Amino acid sequence: MLRLAAGILLTPVLWAAGRDTVLFDTDSGLFGDDGAALVMLVRSPSQVTIPGITIVPGNVWPTQGAEYMMHILDLLKHSQIPVYTGAQAPLLHTAAMAHESERRWGKLEFMGAFAEEAKPSERRSHREGAVQFLISEIERHPGELTILAIGPMTNIALALRLKPEIETRIKRIVFMGGNVGVPGNASASAEFNFWFDPEAARIVMRSRIPKKVMFALDICNTAPIRKAEFDQVAAVHTPITDLFREDLGNRYPGFLHNPAATGYMWDSLAAAYLLDPGFVTKSEIRYLDVLTAWGRFYGSTVPLDRRTAPDATPVEVMRTLDFKRVFAIYKDKLTRQD
5 MLRLAAGILL TPVLWAAGRD TVLFDTDSGL FGDDGAALVM LVRSPSQVTI PGITIVPGNV
65 WPTQGAEYMM HILDLLKHSQ IPVYTGAQAP LLHTAAMAHE SERRWGKLEF MGAFAEEAKP
125 SERRSHREGA VQFLISEIER HPGELTILAI GPMTNIALAL RLKPEIETRI KRIVFMGGNV
185 GVPGNASASA EFNFWFDPEA ARIVMRSRIP KKVMFALDIC NTAPIRKAEF DQVAAVHTPI
245 TDLFREDLGN RYPGFLHNPA ATGYMWDSLA AAYLLDPGFV TKSEIRYLDV LTAWGRFYGS
305 TVPLDRRTAP DATPVEVMRT LDFKRVFAIY KDKLTRQD
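Here the sequence shown is numbered in this note's numbering, starting from 5 and rising by one per residue.
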């Protein structure tokens, strides 16, 4: 496992109040942490508005991810929010590469969409053009938009490559991805979102986006969802909590079959940060990069050699949190009776 060097700057977490316009970029899933993140923001209309959802390959292929997101929007009675698909695969990484890495270096903990063939969409109401949507929204509202990136960064990287000038017009990007000082959860050395499309993550990490806020595995590992937390949400019966119960209970982590299982808030932490960043108690400023040479450490997070990307802006890495405070937000948003 690669670890980052010392020499970091600890910073307090600051926040200015106001309604945030959020471009929601996700690799979705039946519900899980992506669905929870969406519910949390949609149920916070005084703080967040979502002009559109963009789907990226990761957990599942984009057409399936769009189906999942549209179903959750239907349950929330917010089907007016448009859902866009964009990139249909990572920039360079392929299923063949993933399977070969398993053969050479051992079993992957999670392979995501690479484990199955893409399926045709049963519902055709999602839109294409996610990358152009991102570009258009940023150009129309320079300096005003937050990108919430809770999947691989393929769509975002393509937008930055097509229109490099939009980098400095993005207000900030808040993302879940990478691992700084802990093992990975895809390979032994890489977090899944970065591992699935390392080249895209590298483009974003080396970009000039003014503010980058990173929820890496390090802080996510301190926000577990165990059976006790699952039961607090599942005890309430609404269409959303029923979907939560079905997914987390019977699929991953599978609490209804294995009460000792552990899941994590993951993407939900990044969403919660947009609502109450005060739950983060410590952060660090670092210049970070992603390894893109295919091999055992493909997708690992490493220090940036700033001579190779002198214009890159630093990353604010979230380090510690108040779990009771953030879980209270999670539980409140998921269990509301709409």
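Hints are computed from structural coordinates only; laboratory data are not their basis. Everything numeric in this text was worked out from a predicted model, so none of it was measured. Don't be surprised by glycine CBs; every beta carbon is placed ideally from N, CA and C. Errors might be hidden in some of the hints.
Stated by the list, open to error - With a cut-off of at most 16 angstroms between alpha-carbon atoms, the simulated EDC-like pairs for lysine to aspartate or glutamate come out as follows: (1) Lys335 <-> Glu203; (2) Lys286 <-> Asp342; (3) Lys215 <-> Asp326; (4) Lys167 <-> Glu141.
Stated by the list, open to error - Using C-beta positions, here's what the derived DEER-type ranges look like: (5) Gly147 <-> Lys111: 40 to 46 angstroms; (6) Gln236 <-> Thr324: 21 to 27 angstroms; (7) Asp78 <-> Val186: 32 to 38 angstroms; (8) Pro318 <-> Ser83: 37 to 43 angstroms; (9) Phe327 <-> Asp246: 36 to 42 angstroms; (10) Lys81 <-> Gln51: 26 to 32 angstroms; (11) Thr324 <-> Gly299: 21 to 27 angstroms.
So which of the earlier hints does this model not fit?
-> 1, 2, 3, 9, 10, 11
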